[in-house]
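Trainee: Taken in sequence, the protein lines are chains A and B.
Numbering-wise (my numbering), the first sequence opens with residue 75 and increments by one.
Numbering-wise (my numbering), the second sequence opens with residue 10 and increments by one.
Don't read these hints as lab results, they were simulated from the structure.
Computed from a predicted structure; not experimentally measured.
Any given hint could turn out to be false.
[Claimed, not checked] Simulated pairs of lysine-lysine, DSSO-like, Cα-Cα distance not exceeding 27 angstroms:
(1) K372/A with K62/B
(2) K139/B with K94/A
(3) K94/A with K98/B
(4) K80/B with K367/A
(5) K62/B with K133/B
(6) K164/A with K236/A
(7) K367/A with K214/B
(8) K340/A with K236/A
(9) K89/B with K367/A
(10) K133/B with K80/B
(11) K372/A with K208/B
(12) K80/B with K372/A
(13) K89/B with K372/A
(14) K367/A with K12/B
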Amino acid sequence: MFRFLHSHYHAFVQGLIRIKANWIGSVMMFLVIGITLSLPATGFLLIQNASQISNKIQYEAEISIFLSKDIPSEQINFIRSALEKNTLIKKIHFEPKLDAWEKLQAQLKLSSIEDGVSKNPLPDAFFISLNTLETKKITTFIADLKTIEGIEEIVIDGGWVKKLRSILYLVKIGIVILGCLLLTVLIVVISNTIRLQTLTYQNEIEVSRLIGATNAFIQRPFKYTGLLYGFGGGVITLGIIKIILASFNLVAHRVENLMGGNITLKAFSLEQSILIIVIAMIVGWIASYIAAKQAIHKLEKNY
Amino acid sequence: MIKFSNVYKRYPGEMDALQDISLEISSGELIFVTGPSGAGKSTLLKLISAVEKPTSGTIIFENQNLNYLQKNEMPFLRRKFGMIFQDHKLLFDRTCYDNVALPLAINEIDPSDIGRRVRAALNKVGLLTKERVMPMSLSGGEQQRLAIARAIVSRPSILIADEPTANLDRGYADEIMNIFYSFQQVGVTVIISSHEIPKTTIHYKEFHLITGNLQNVPLLT
Ligand SMILES: Nc1ncnc2c1ncn2[C@@H]1O[C@H](COP(=O)(O)OP(=O)(O)OP(=O)(O)O)[C@@H](O)[C@H]1O
Ligand SMILES: [Mg+2]
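Sequences are here, hints too, so could you generate the full structure?
Mentor: Okay, here's the thing in structure tokens:
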């Protein structure tokens, strides 16, 4: 165990030395990884904020049922009792056309006489909230409602929230796909860089093999170089996101002062930040694994 | 300990570098592989140390047929040899200390022992004062001795040296040969290639090669 740790420590130090020996290249690598990863990461952050906002919007299926204008009051009562019996319904509010009309008039500050609109144009209406969000149940419920005589029109509210959510979901998938593509690009770029590095260290690889180094021993420093590249790149990504957030929030704050409201983008949580660095490190590790494997494979033609 | 039976070695696109070699080396022997340039001395040493594969024939090392050795066993076989290459193969971007420490890292030696062992090896070849120096700034003879230090630091049971005294003047050459003799005296098998046999009073065995052929039954002195 101790030997194992020591050989990893040795490889880690070698990896560090290699990064330092070619520090300009290493900084470039950090930037390439950092900037590339910051694209999908920023996208994710925006989506995350957008879904948080959309979650805050109280989302119940609200249904407005408008009745025919000349509906008899017995039929209204029949509909009301039918609705009251339905277990899907949480809340029923009946608004007679007279009330609605008075409200509208009050709101618009007009009187029926002055305006010459003497006839009430509004229908009687039921406003109901459902205790379910399941599309299937809601659709059958609405289909049932439509068969009742005296119901003129049914309007479902809250649908836009759902639409927003499905759009967010689609965008999220898009970002995941984009992220995967960018990760693949990163793997190619990093492994190419490390492949070039193996050429620099070809002498060392060859000598090490000749004096009994296992492939794992030879690959290890490159793997640590890859891991460190990933780590550096991940840190740069977090830095870039921090800068983007800070500048966005600064601008948002100014707009707020002018117009009121409250828009602040929330940063990644600690776990998510660590996850970003871990993903970057995994990418570095895979890339270096591929590169080092290739380098050794070339030497393996003899024994 | 090492036994060649009808071993041939041909490099791709070349004539046979070695032909029909059969020989035997016992533990603790002092062996000289001699012959003119291009005779196949380096090739023979590479076959012994499993750096190269024979084209045909069998090589038995410690009762193990190297033809059947798994790839992943190879590193552990090679660790039994202390190799001094004709071109040294020093790492010029590492200090002398780090060059000598490399086999210890490969052998996963306890790190608390490494410093002591590296300095003992450097001391043995008279380079203790140069441990922080880069090999590039060493003289040819010093580089040769550094290569020896790297070969002996892991205390191998077999030392293989490819023309370790070429390009050295007489005084240095004798000094270096004495280092090898001292290892042979404590039981290490020592295999040295050289154009000619150096003067020595120690009992040795000679394999003389001419254009890839072993010339005579090994002469005993
Ligand atoms: N890696 C190689 N690829 C192709 N041919 C090789 C290789 N190594 C050696 N040879 C050929 O094999 C033959 C024997 O070479 P080898 O290096 O074993 O000779 P040597 O006795 O060590 O010579 P020297 O005294 O010059 O070191 C030579 O003809 C050489 O050209
Ligand atoms: Mg040679």
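Trainee: Hint by hint, say whether it matches the structure.
Mentor: Here is what the structure says about each hint:
Distance hint between K372/A and K62/B is fulfilled; the C-alpha atoms sit about 16 angstroms from each other, no more than 27 angstroms. For the given pair, K139/B sits about 24 angstroms from K94/A by alpha-carbon distance, which is consistent with the 27 angstroms threshold. With a C-alpha separation of about 24 angstroms, the suggested pairing of K94/A with K98/B holds against the 27 angstroms cut-off. Between K80/B and K367/A the alpha-carbon distance is near 15 angstroms, which keeps this suggested pair within the 27 angstroms criterion.
Between K62/B and K133/B the alpha-carbon distance is near 33 angstroms, which puts this suggested pair outside the 27 angstroms criterion. Of the supplied pair hints, the one linking K164/A and K236/A holds, its CA atoms being roughly 20 angstroms apart against a limit of 27 angstroms. This hinted pair does not check out: K367/A and K214/B have alpha carbons roughly 42 angstroms apart, beyond 27 angstroms. Taken as a hint, the K340/A and K236/A pair is honoured in the structure, with Cα atoms around 23 angstroms apart against an allowance of 27 angstroms.
As the CA atoms of K89/B and K367/A are separated by approximately 25 angstroms, the hinted pair is consistent with the 27 angstroms bound. Of the supplied pair hints, the one linking K133/B and K80/B is violated, its CA atoms being roughly 34 angstroms apart against a limit of 27 angstroms. Restraint check for K372/A and K208/B: the C-alpha separation of about 42 angstroms exceeds 27 angstroms, so the hint is violated. For the given pair, K80/B sits about 14 angstroms from K372/A by alpha-carbon distance, which is consistent with the 27 angstroms threshold.
Distance hint between K89/B and K372/A is fulfilled; the C-alpha atoms sit about 24 angstroms from each other, no more than 27 angstroms. With a C-alpha separation of about 34 angstroms, the suggested pair K367/A and K12/B falls outside the 27 angstroms cut-off, and the hint is violated.
Checked against the numbered hints given earlier, the structure breaks hints 5, 7, 10, 11 and 14 and satisfies all the rest.
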